[in-house]
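Undergrad: Sequence:
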Amino acid sequence: MKISLKIWREASSIILVAKTAFAPTIRHGDFNYKLLTLKRSSKSGYMPGSYVFPGGILSPADASRDWLTLYESFGFKSESFDKLNPKENRPKLYQNQNFDVLPKYLSLRISAIRETFEESGILICRSYKVNYRERVARWASSIGN
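Heads up: the sequence shown begins at 203 in this note's numbering, then just goes up one per residue.
Think of the hints as simulated: they come from the structure by calculation, not from any bench.
Every residue, glycine too, gets a C-beta built ideally from N, C-alpha and C.
Errors might be hidden in some of the hints.
[To be verified] Restraint-style ranges between C-beta atoms, simulated for each label pair: (1) 276 / 339: 28 to 38 Å; (2) 217 / 244: 19 to 29 Å; (3) 217 / 338: 20 to 30 Å; (4) 267 / 340: 19 to 29 Å; (5) 340 / 289: 18 to 28 Å; (6) 340 / 291: 37 to 47 Å; (7) 270 / 212: 35 to 45 Å; (8) 234 / 263: 34 to 44 Å; (9) 284 / 343: 14 to 24 Å; (10) 297 / 218: 25 to 35 Å.
[Claimed, not checked] Restricting the straight-line Cα-Cα distance to at most 20 Å, the calculated cross-link-like pairs of lysine to aspartate or glutamate (EDC-like) are: (11) 245 / 321; (12) 294 / 212; (13) 289 / 274.
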């Protein structure tokens with residue numbers, strides 16, 4: 203009998219760094235950047251009370267090929283993302299052969315963006331041509347429902 207075990211969870215995180223607008227006088231070697239971390243609930247079953255980067259487990263919706271249709275409506279063809287796919291030294295996590303879903307190098311990025319928005323309200327990707335106030339408010343109100 204062959205036993206197949208996953209040695210990792212299909213999850214992703216974002217490390218979000220922003221240069222501060224109001225920095226104290228900078229000395230040689232100092233940096234004026236902020237790093238986004240979130241404090242987990244003390245009641246959490248996993249790493250309670252810890253500071254973590256936003257992220258989480260891959261959802262089936264993150265791997266939907268419908269994302270490609272959405273991207274195309276904004277002028278991005280699937281070839282636009284080829285540079286995100288490592289050609290050498292590919293992590294095992296990226297080596298899926300299921301063509302019914304997005305490749306992992308895309309779906310894990312979508313997952314990280316979604317999780318960041320769910321956990322912090324920060325929407326990573328948006329167009330400068332669209333006013334998102336109403337959309338973001340609607341999305342934010344539906345989180346957790």
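Undergrad: Run every hint past the structure and note whether it holds.
TA: Verification of the hints:
1. 276 / 339: 28 to 38 Å: 21 Å, violated
2. 217 / 244: 19 to 29 Å: 24 Å, holds
3. 217 / 338: 20 to 30 Å: With a Cβ separation near 22 Å, residue 217 and residue 338 satisfy 20 to 30 Å, so the hint holds.
4. 267 / 340: 19 to 29 Å: 25 Å, holds
5. 340 / 289: 18 to 28 Å: 40 Å, violated
6. 340 / 291: 37 to 47 Å: About 41 Å separates the Cβ atoms of residue 340 and residue 291, which means 37 to 47 Å holds.
7. 270 / 212: 35 to 45 Å: 19 Å, violated
8. 234 / 263: 34 to 44 Å: 37 Å, holds
9. 284 / 343: 14 to 24 Å: 36 Å, violated
10. 297 / 218: 25 to 35 Å: 27 Å, holds
11. 245 / 321: 16 Å, holds
12. 294 / 212: Distance ~11 Å between residue 294 and residue 212 Cα, so the pair holds.
13. 289 / 274: With Cα atoms ~24 Å apart, residue 289 and residue 274 exceed 20 Å; violated.
Figure legend: structure checked against the earlier numbered hints; hints not met, in rising order: 1, 5, 7, 9 and 13.
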